[in-house]
Amino acid sequence: MASNSSDTRVVCCLLTCCGGIFTYFAVKLKDFVKPSYNKLGHTVIGVLSFTIAVVAEGTGFYTRSFSSNTSTSVQIACTVLMSLAAFIVLEGACMSVWSRIRRL
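Numbering-wise, our numbering comes out as the position in the sequence shown, counting from 1, plus 33.
None of these hints come from the bench; they were simulated from the model. Take these hints with a grain of salt, some might be off.
In silico lysine to any residue, SDA-like type, Cα no more than 20 Å apart, as pairs [to be verified]:
#1 Lys72 - Phe94
#2 Lys67 - Gly125
#3 Lys61 - Ile78
#4 Lys61 - Val44
#5 Lys72 - Thr49
#6 Lys72 - Ile54
#7 Lys72 - Ala126
#8 Lys72 - Thr105
#9 Lys61 - Val43
With beta-carbon atoms standing in for the labels, derived distance ranges [claimed, not checked]:
#10 Arg136 - Val43: 35 to 45 Å
#11 Ala126 - Tyr57: 15 to 25 Å
#12 Val43 - Ser132: 30 to 40 Å
#13 Phe120 - Leu47: 19 to 29 Å
#14 Gly53 - Trp131: 20 to 30 Å
#15 Asp40 - Ala118: 24 to 34 Å
#16 Tyr57 - Trp131: 40 to 50 Å
#17 Thr103 - Leu62: 18 to 28 Å
#18 Lys67 - Thr103: 47 to 57 Å
All C-beta atoms, glycine included, are put in the ideal place defined by N, C-alpha and C.
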């Protein structure tokens, strides 16, 4: 079970890195893609990368090393606080995506 959790974190980390690479090259695409589509794609990729990073971080709360050094209530508290912070951040980002889609 620990191996499966570790594999999930590695995959999520790699996906997040890919999202960062796509975001980096999005600036160079402005000659080929309209800026409004580029901004929308950049925002969507950013939201997806952030979501994957939050999932990867959340799985870290239930690893063997974290579990052995903390209690279950600390794991639950960390999960709830991280989820709340992620929701607050994603709310603004999703509103930005929605407003960009409406302006297209």
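Evaluation of the provided hints:
| no. | hint | verdict |
| --- | --- | --- |
| 1 | Lys72 - Phe94 | violated, 33 Å |
| 2 | Lys67 - Gly125 | violated, 23 Å |
| 3 | Lys61 - Ile78 | holds, 15 Å |
| 4 | Lys61 - Val44 | violated, 27 Å |
| 5 | Lys72 - Thr49 | holds, 18 Å |
| 6 | Lys72 - Ile54 | holds, 15 Å |
| 7 | Lys72 - Ala126 | holds, 12 Å |
| 8 | Lys72 - Thr105 | violated, 41 Å |
| 9 | Lys61 - Val43 | violated, 28 Å |
| 10 | Arg136 - Val43: 35 to 45 Å | holds, 38 Å |
| 11 | Ala126 - Tyr57: 15 to 25 Å | holds, 18 Å |
| 12 | Val43 - Ser132: 30 to 40 Å | holds, 35 Å |
| 13 | Phe120 - Leu47: 19 to 29 Å | holds, 25 Å |
| 14 | Gly53 - Trp131: 20 to 30 Å | holds, 23 Å |
| 15 | Asp40 - Ala118: 24 to 34 Å | holds, 25 Å |
| 16 | Tyr57 - Trp131: 40 to 50 Å | violated, 25 Å |
| 17 | Thr103 - Leu62: 18 to 28 Å | violated, 44 Å |
| 18 | Lys67 - Thr103: 47 to 57 Å | holds, 49 Å |
In summary, the numbered hints that this structure violates are 1, 2, 4, 8, 9, 16, 17.
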